[in-house]
Amino acid sequence: MGEMHYSKPGAGDRFPPTRLSAIVSARAEDPDERQRAFETIISAYWKPVYKYIRLKWYRTGEDAQDLTQSFFAQAIEKRFFDSYDPSKSRFRTFVRICLDGFLANEDKAAKRIKRGGNVQTLSLDFEAAEGELRATREPAAPVGEDFFDREWTRSLFSLALDSFRKKCEQSGKQIQFNMFERYYLSEDDSKPGYQRLSSEFEVPTTSVTNYLAFGRREFRKALLEHLQELTSTDEEFRREARSLLGQEP
Amino acid sequence: MKWISDDALLRLRDAAEEPDLEGTPYRLIRKVGAGGMSVVYLAQDARLNRNVALKIMNVSDESGNLASRMTREAQIVARLEHPAIVPIHDVGRLEDGRVFYTMKYVQGRRLDHYVASRPALTEMLRVFQRVCEAVSFAHSCSVIHRDIKPENIMVGAFGEVLVMDWGIAKILGKPGEPRTEPLRYEAYSEPGPDQTATLIDPRANSGNETADGAIIGTPAYMSPEQAAGDNQRVDFRTDVYALGAILHFILTGSPPFEAADLRTGQSQTPALRGKVQPALEATCLKALNHDSEKRYASAQAMAADISAFLDGLSVSAYKESALEKAARLLARNRPLVILILAYLLMRLLVLVFFRR
Numbered sequence: 001m002g003e004m005h006y007s008k009p010g011a012g013d014r015f016p017p018t019r020l021s022a023i024v025s026a027r028a029e030d031p032d033e034r035q036r037a038f039e040t041i042i043s044a045y046w047k048p049v050y051k052y053i054r055l056k057w058y059r060t061g062e063d064a065q066d067l068t069q070s071f072f073a074q075a076i077e078k079r080f081f082d083s084y085d086p087s088k089s090r091f092r093t094f095v096r097i098c099l100d101g102f103l104a105n106e107d108k109a110a111k112r113i114k115r116g117g118n119v120q121t122l123s124l125d126f127e128a129a130e131g132e133l134r135a136t137r138e139p140a141a142p143v144g145e146d147f148f149d150r151e152w153t154r155s156l157f158s159l160a161l162d163s164f165r166k167k168c169e170q171s172g173k174q175i176q177f178n179m180f181e182r183y184y185l186s187e188d189d190s191k192p193g194y195q196r197l198s199s200e201f202e203v204p205t206t207s208v209t210n211y212l213a214f215g216r217r218e219f220r221k222a223l224l225e226h227l228q229e230l231t232s233t234d235e236e237f238r239r240e241a242r243s244l245l246g247q248e249p
Numbered sequence: 001m002k003w004i005s006d007d008a009l010l011r012l013r014d015a016a017e018e019p020d021l022e023g024t025p026y027r028l029i030r031k032v033g034a035g036g037m038s039v040v041y042l043a044q045d046a047r048l049n050r051n052v053a054l055k056i057m058n059v060s061d062e063s064g065n066l067a068s069r070m071t072r073e074a075q076i077v078a079r080l081e082h083p084a085i086v087p088i089h090d091v092g093r094l095e096d097g098r099v100f101y102t103m104k105y106v107q108g109r110r111l112d113h114y115v116a117s118r119p120a121l122t123e124m125l126r127v128f129q130r131v132c133e134a135v136s137f138a139h140s141c142s143v144i145h146r147d148i149k150p151e152n153i154m155v156g157a158f159g160e161v162l163v164m165d166w167g168i169a170k171i172l173g174k175p176g177e178p179r180t181e182p183l184r185y186e187a188y189s190e191p192g193p194d195q196t197a198t199l200i201d202p203r204a205n206s207g208n209e210t211a212d213g214a215i216i217g218t219p220a221y222m223s224p225e226q227a228a229g230d231n232q233r234v235d236f237r238t239d240v241y242a243l244g245a246i247l248h249f250i251l252t253g254s255p256p257f258e259a260a261d262l263r264t265g266q267s268q269t270p271a272l273r274g275k276v277q278p279a280l281e282a283t284c285l286k287a288l289n290h291d292s293e294k295r296y297a298s299a300q301a302m303a304a305d306i307s308a309f310l311d312g313l314s315v316s317a318y319k320e321s322a323l324e325k326a327a328r329l330l331a332r333n334r335p336l337v338i339l340i341l342a343y344l345l346m347r348l349l350v351l352v353f354f355r356r
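As they're listed, the protein sequences go chains A and B.
Residue numbers for the first sequence follow the numbering used here, beginning at 1 and rising by one.
Residue numbers for the second sequence follow the numbering used here, beginning at 1 and rising by one.
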């Protein structure tokens, strides 16, 4: 039996283009590189951290905001993440453990904040995070590791979706993004079928198939690119990809 | 940044996981199973408007070894054209470089689920007979399955039987001939959902030949030589052993050596004793013999014994006593025996009546 070559010449882009790991760059000597790395890490982690403080540690919104700011400020200042060892745990687990340790000493930290200590203020949309908490179902079990992991996944997927949207906007493919969003993110129970999408977007059904396939491919690519940035080694990246998607990239 | 609800998160996760079938004639419908190294989807072949099962790798394969092995797996199954072996329709490569193949989408129950529904013993034995026949056919094509287990056998709604997952099948020299050529095929396998894990020693993946000492198969259905990683001794009787384990499962609801030491200490299971007819017990135990030389020489020979049992004949694996033979003949010829007895009784009554 001969193998049919369904691939196009030059295809084979299942692996995302190599992106520098922010976890590795966070240890760099160059302060600019370190700063960029922290921005990447914070963009993915601030919401899980904030929500975790709110629900696991029962802090008010105001306290949780201060503590989130303070946690990342200390992480940058004291270079928490330098001691991360990928052979021992996932980075997200490491962050949660650091956060628990930080919060255990929270009295001191809180006092520092009240004293107006050296906390670098990050521009984070806490109002949006608070709104998301209200929209999230009440956790059935006590908030713990699973909650943090789920929020981290949500944050990662949001970043990927954002990148995918920007890419579509830049390349004039808004219709592809809008259709993808309509099909996969519709909150109403009646998920639109291909026929409905065809009439809503005024394109043939075959285009719906192609647009959604494009969307899946580009979204997956964006997701893996962000994941690569947020893992420190190739092994960790593959492990996380398998954990998230049930398959290795 | 848009907030994503829990439900939407699951949908996006599925979307990111789905393979891109663009450029192929297949349209993905849904995932039907996943294992350690591959995923099986239900897909529609748009050319023929029929559903197929599409199997695709889901692990990294930078060296390309898995891709070539998967192609070989498809090629092996393709040469096994038999009603009880799942047919391959197509093999190809996706745009992302992954190899996939499509095969008949089998709707039915796995053998373990079928057995759990408690069908009649004769019905189960007929299913088992068809499994033996499929394996025997594969052997006639010099292919050994090496991972026969209830999870890899499907029983259809109309009694059709299909032996699945030839992922770690191996091509041998012709039956009875010495192996002069190197083993040409070594593939991987994966545990499907709810399946007993298939063990693959990393050493087995290093090349086309099975490294001696590499353990490939599923522990509960694995022959001693397979469990010992003695791949030079792995041959058709290795599958015969697995068939014995399947028969044991059919007869008792459990495999023979659930918690047995893989490499040593496999002893005959007491689970059969007294629970099934001696001829069936002997058939099962002969296939499960630790010494491969003492097992059935072929799956066909085992199928013949099962057929004989179903027909009320003696089986080669069991030497009957005169009493057992008489009982079997009586059971086999029950209508005739009843007629004769009725006739004799009538003659007796007539005799008694006229004597008065």
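These aren't lab readings, by the way, just hints derived from the structure by calculation.
Please read all numbers here as calculations on a predicted model, not as lab measurements.
Take these hints with a grain of salt, some might be off.
Claimed, not checked - Within a straight-line C-alpha distance of at most 35 Å, the following computed DSBU-like cross-link-like pairs (lysine-lysine) qualify:
1. K2(B) to K78(A)
2. K2(B) to K88(A)
3. K2(B) to K191(A)
4. K173(A) to K31(B)
Structure-based check of each hint:
no.	hint	result
1	K2(B) to K78(A)	32 Å, holds
2	K2(B) to K88(A)	33 Å, holds
3	K2(B) to K191(A)	19 Å, holds
4	K173(A) to K31(B)	28 Å, holds
Checked against the numbered hints above, the structure breaks none of them.
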